[in-house]
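Protein chains in written order, with the UniProt record's numbering: chain V, 1 to 900; chain H, 1 to 154.
These are calculated hints, taken from the structure and not from any lab test.
There could be a bad hint or two in this list.
Covered by chain V, per the in silico footprint, the following chain H stretches (three or more residues, Cβ under 8 Å) [said to hold, decoys possible]:
| hint | stretch |
| --- | --- |
| 1 | 14 to 27 |
| 2 | 30 to 39 |
| 3 | 44 to 58 |
| 4 | 109 to 119 |
A few chain V residues that don't get close to chain H, going by computed Cβ distances all over 12 Å [to be verified]:
| hint | residue |
| --- | --- |
| 5 | Ala25 |
| 6 | Gly44 |
| 7 | Pro68 |
| 8 | Leu90 |
| 9 | Val93 |
| 10 | Val131 |
| 11 | Phe134 |
| 12 | Val167 |
| 13 | Val234 |
| 14 | Ala251 |
| 15 | Asn278 |
| 16 | Arg301 |
| 17 | Pro353 |
| 18 | Trp604 |
| 19 | Arg643 |
| 20 | Gly796 |
Being a predicted model, the structure only gives us computed values, none of them experimental.
Beta carbons are placed, not taken as given, at the ideal position from N, Cα and C, and that holds for glycine.
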Amino acid sequence: MESRLSRYIWTHTRKDQLWILVVVAFSMIPYFLSFDLPKQIVNGPIQGDGFDSPEATQAFLAISFDLPYLGTINLFDGFQLGREGMLLALSLVFLLLVVVNGLFKFYINTFKGRLGERLLRRIRFELVDRVLRFPPTHFKRVKPAEISTMIKDEVEPLGGFTGDAFVSPALLGGQALTALIFILLQSFWLGLIATVIVAVQAIIIPRMRKRLLVLGRERQLTARELSGRVSEIVDGIGTIRGYDTSNFERADIASRLARIFKIRYDLYQWKFLVKFINNFLAQVTPFLFYSIGGYFALQGRLDIGQLVAVIGAYKDLPGPLKELIDWDQARQDVQVKYAQVVEQFSVDPLLDPKVHAIAATSAEPLSGALAAVNLTVTDDGGATLLDHVSLQVQPGEAVALKPGGEVLAEAFARLIWPASGRILIGSQDILEMPESVTGRRISYASSDVYVFQGSLGDNLLYGLKHAPLTEVRYEGEGAVHRKWELVEAKLAGNPHFDVNSDWIDYRAAGATGPEDLLVKIRPVLDAVLLTNDVMALAVRSTIDPNRNAAFAAGIVEMRGALRQRLEKEKLSDLVVFFEPGSYNIEATIGENLLFGTITDQVMWDGALEGHPFFKTVLQRVGLRDVFYEMGLEIAENVVELFRDLPPDHPFFQQLTFMTAEEIPVYEALLQKVRGRARADVAEDDQVKIIRLCFGYIEPRHRFGLLTDELMAKIVAARREFDEGLPADLAGMIEHYRPNRYIASGSIIDNVLFGRIGHKHADGSEKIRAIVRDLFEAVGLYNDVLAFGFDFNVGAGGKRLTAGQRQKLDLARALIRICDFYIFNQPLLALDQRVQEQVIRNVFALLRQDGRNPAIVWVVANPAVMELFDRVAVFENGRLLRDDHTEVGANEGPDYKEMAS
Amino acid sequence: MLLKDEVEMLRRITLFSGLPPAKLKLLAFTSDRVMYSAGEALFYQGDIGDAAYVILSGKADVLVTTAGGPLKLAEVEQNSIVGEIAILCNTPRTATVRTTTPLEALRIRKDDFLKLLADFPEMAVEIMRVLADRLSQTTAELTEARSRNERMEA
Chain V
1 MESRLSRYIW THTRKDQLWI LVVVAFSMIP YFLSFDLPKQ IVNGPIQGDG
51 FDSPEATQAF LAISFDLPYL GTINLFDGFQ LGREGMLLAL SLVFLLLVVV
101 NGLFKFYINT FKGRLGERLL RRIRFELVDR VLRFPPTHFK RVKPAEISTM
151 IKDEVEPLGG FTGDAFVSPA LLGGQALTAL IFILLQSFWL GLIATVIVAV
201 QAIIIPRMRK RLLVLGRERQ LTARELSGRV SEIVDGIGTI RGYDTSNFER
251 ADIASRLARI FKIRYDLYQW KFLVKFINNF LAQVTPFLFY SIGGYFALQG
301 RLDIGQLVAV IGAYKDLPGP LKELIDWDQA RQDVQVKYAQ VVEQFSVDPL
351 LDPKVHAIAA TSAEPLSGAL AAVNLTVTDD GGATLLDHVS LQVQPGEAVA
401 LKPGGEVLAE AFARLIWPAS GRILIGSQDI LEMPESVTGR RISYASSDVY
451 VFQGSLGDNL LYGLKHAPLT EVRYEGEGAV HRKWELVEAK LAGNPHFDVN
501 SDWIDYRAAG ATGPEDLLVK IRPVLDAVLL TNDVMALAVR STIDPNRNAA
551 FAAGIVEMRG ALRQRLEKEK LSDLVVFFEP GSYNIEATIG ENLLFGTITD
601 QVMWDGALEG HPFFKTVLQR VGLRDVFYEM GLEIAENVVE LFRDLPPDHP
651 FFQQLTFMTA EEIPVYEALL QKVRGRARAD VAEDDQVKII RLCFGYIEPR
701 HRFGLLTDEL MAKIVAARRE FDEGLPADLA GMIEHYRPNR YIASGSIIDN
751 VLFGRIGHKH ADGSEKIRAI VRDLFEAVGL YNDVLAFGFD FNVGAGGKRL
801 TAGQRQKLDL ARALIRICDF YIFNQPLLAL DQRVQEQVIR NVFALLRQDG
851 RNPAIVWVVA NPAVMELFDR VAVFENGRLL RDDHTEVGAN EGPDYKEMAS
Chain H
1 MLLKDEVEML RRITLFSGLP PAKLKLLAFT SDRVMYSAGE ALFYQGDIGD
51 AAYVILSGKA DVLVTTAGGP LKLAEVEQNS IVGEIAILCN TPRTATVRTT
101 TPLEALRIRK DDFLKLLADF PEMAVEIMRV LADRLSQTTA ELTEARSRNE
151 RMEA
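Pulled out of the complex, with its shape left as it was, chain V reads as follows (with noise of 0.2 Å):
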């Protein structure tokens, strides 16, 4: 990139920088006009000047040049108009100048603003591009809020600066210049007392500036470097919080702000000295012309009409001159923000664009061998992490990298480059390969795993976006926004891919289009056993039943098959459902009261405080006895169990019924209603303590309040809170109907209509597992899935387990038909056993249907060793050994190691 802004903005505006000085230049002319005409209109029609008789009239609009040797040349004779019609005329002329004033500031205003954003978008394009092609090793000395600063804060005057950068100083210059020459016509000494003036504020000003300037540069480190820090304490507040560091950073954040304070608060002092000297010097000038110009003039030396028209003059010259003084502020400003910009992304070697150019058509597969040939790879300290080492793998070989192989893992993924020796694919260098190549035919995974915010299935489908694969169709509006865009994007230097193209290439993955890529992507998710992940992910969102009609019906309709499954599985007392007409002993009283989900739990809890419904219906059905004193003993259980327990203390997990501040409250509460009847009690204590009952499940918490009489009394009741409920309660209560989707549940509430026993250790694995078994023979399995993709995995991919990210990441390599694939240890969040059987499946997948690609995997286990052609020891940087399977794995010094 270029060093000075300048030179920047000029190489890049040229073409808009002329017109618009043009154009500046042309709106002078009504400009002065403008100046010249209220004179005119007083002068003329006003004070009656060439109007001596009532009748006169002059030519409006005459159009005539004097020119030298040809005399006068009259174009146009003009209308004769009267006094009246003359002023009438002129300010209607003097109204236009105004028009044509206000649309050439306007125009001038919306063309050096567009000229200045589509310098910003380019030159933040150009940074992040640079970002892109960054080598692996800055990655590790930058901070990424710091790159993100630059990017988006520090470099956004550059384009409120831009459209100023040429037409100012030009205008402003012009403007001064003027003045001087006026004046130094005037009076030849005058002006160059004016001109000696002009010249000291120009060569001190800008030396003070100096001193701005490093302050200023300070300020952006300071700052940038702040909102470093701000992202690490996000990052890291774990650490922080658990190690009891949170006042070292509170100190250390105060301490650069105290720093960031004071280089604003020498700034600020600077900046208005420098104005402080800037104004004296500006009002000292006319000091000098009374004093030393009047002097001369009391001696006659000096004509008092000329010193008059000199001060006149001189009132024209600070107003462009201190603008120019601070255009000139601005400048150096911009040039530090932006040099110093410049210097951050400046890192040598970049990338050659040429690696990463865009290639719509598949890669060619690759024939040669990956090899490694006498490759070193030190780290940013020099300490070396592999030392000459030479290996080579085969097309279709698969080779173990014993632990210390993870550099040459990374290094076959270009994520480190070496220090000395080469990484060859056939006969050409890795790192001079067309990404487009590389980054398709090789897949790399490791547990290092990055996920992007989104959902799973655009994370999944990330290593097949290389390109814009389809032209997509714009019509009325959407077209010209595309056509738009298309010019912008050339005219600020960005590339013109559309983003909403498919990029997903679905050959590269082996399928044909989108209908077929789910039947290639299911086989990947069995092998890295992600299928029951993005399966439990499914079924526990909620989906709109308007929008997937058909699908919730499909799933109304499972609930018969799931039951005639379960009677004949024998296991029917998995699941007990919700009958209109019977109490199901698993869900809540609450629940089974009213036959349906609470969807407003504030409107619930003022409902059941203050609406006269509860009361009376409870009332009716002769429930509120039972509840009440259902609710004093479970209030009096819970009270025994939890009352000595720390309100911190993870027991207070378990407990639904309250929370471990309101244990006190309850407390307090049985004390004063013990021994009384019901009626003596308040009313409100009342209602907190029946309120307890609803959240009673008998099998949970098996206080043996729940009798064969009281259920059937509270199924009684059902019939009164499904249809006697009042229209203001209306939206609260969904009720279950045994042929409706229920909107407020998740799928698999839905499928189930029930609740899962308690009595069965892992009764939820088991029913997951005939769901999914039944979403298959329905036909519905694909439909779920596809919502699991749905799914949104949060920001880096939080709102999944570690070794469901890592899963993912592997899945996202497999997906891929490569040649070689590189897996660096990729399920370290696993146990064991399931890593074995995830390799196991792996090698499977990779081998079917006559594939067969280099596999490279780092893996220690001695258990897998089996499945590889070769494995590769190193020791030390070192590799030690680089043989076949049976030798490698019983008789190297490793396998002892491990053993013992």
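Using the hints provided, position chain H relative to the given structure of chain V.
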């Protein structure tokens, strides 16, 4: 089974015999009652341990995987506790536990279990006793196996 019946049952287990009844009730309340049919695994060797199990009724085998296939180490029955090693030392499960009869157990989550140990030193001592018992048994078996080995080699 009601909470108070469970408390009665827990009281009969040596490990918990020193706890006051109120705490036993709390333990019962916060733990899950789980049932297994014969041949089901409580957990597998190599898994991450997240809970200990107190066997209320039924029997199970403790198995380890070896090169020669699964090897039965011991049998556990009513009133014994299994799975505590993995949650005490944060290691993967050292063995698989598989039921041989229908089995009923109390599943105590790791955090709850550790909290209990911290709150009730009597229980920690009891756990120590159980572990020491097992260690001495293991040592005896190892000695026997070694001497048998030496005899065979000699």
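Status of the hints after comparison with the structure:
1. Restraint check on the stretch 14 to 27 of chain H versus chain V: 3 residues with Cβ-Cβ distances below 8 Å, three needed, restraint holds.
2. For the stretch 30 to 39 of chain H, the stated coverage by chain V is satisfied: 6 residues place a CB nearer than 8 Å to a CB of that chain, which reaches the threshold of 3.
3. Coverage of the stretch 44 to 58 of chain H by chain V holds in this model, with 5 residues showing a Cβ closer than 8 Å to a Cβ of that chain against a need of three.
4. Evaluation of the coverage hint for the stretch 109 to 119 of chain H: fulfilled, as 3 residues show C-beta separations to chain V shorter than 8 Å, against a requirement of three.
5. In this structure V/Ala25 is separated from chain H by more than 12 Å, as the shortest Cβ-Cβ distance comes to about 77 Å.
6. Non-interface call for V/Gly44 relative to chain H: holds, since the shortest CB-CB distance, roughly 97 Å, exceeds 12 Å.
7. The beta carbon of V/Pro68 is kept farther than 12 Å from every beta carbon of chain H, the shortest such distance being approximately 101 Å.
8. Residue placement check: V/Leu90 keeps its beta carbon more than 12 Å from all beta carbons of chain H (closest about 91 Å).
9. Against chain H, the non-interface label of V/Val93 holds: every CB pair exceeds 12 Å, the least being about 88 Å.
10. Every C-beta of chain H lies more than 12 Å from that of V/Val131, the closest at about 38 Å, which supports listing it as non-interface.
11. For V/Phe134, the condition that its CB be more than 12 Å from all CB atoms of chain H holds, with the nearest at approximately 38 Å.
12. The beta carbon of V/Val167 is kept farther than 12 Å from every beta carbon of chain H, the shortest such distance being approximately 68 Å.
13. Residue-level check passed: V/Val234 sits 27 Å from the nearest beta carbon of chain H, beyond 12 Å.
14. Here V/Ala251 stays apart from chain H, with its beta-carbon at least about 34 Å from theirs, past the 12 Å limit.
15. Distance to chain H confirms V/Asn278 as a non-interface residue, since its nearest Cβ pair spans about 70 Å, more than 12 Å.
16. Here V/Arg301 stays apart from chain H, with its beta-carbon at least about 101 Å from theirs, past the 12 Å limit.
17. Remark: the non-interface label on V/Pro353 is consistent with the geometry, its nearest Cβ contact in chain H lying 47 Å away (cut-off 12 Å).
18. With a minimum CB-CB distance of about 26 Å to chain H, V/Trp604 clears the 12 Å threshold, and the non-interface call stands.
19. The claim that V/Arg643 lies off the interface is violated: its Cβ sits roughly 9 Å from the closest Cβ of chain H, which falls inside the 12 Å cut-off.
20. The Cβ of V/Gly796 sits about 23 Å from the closest Cβ of chain H, beyond the 12 Å cut-off, so the non-interface label holds.
Checked against the numbered hints listed earlier, the structure breaks hint 19 alone; every other hint is satisfied.
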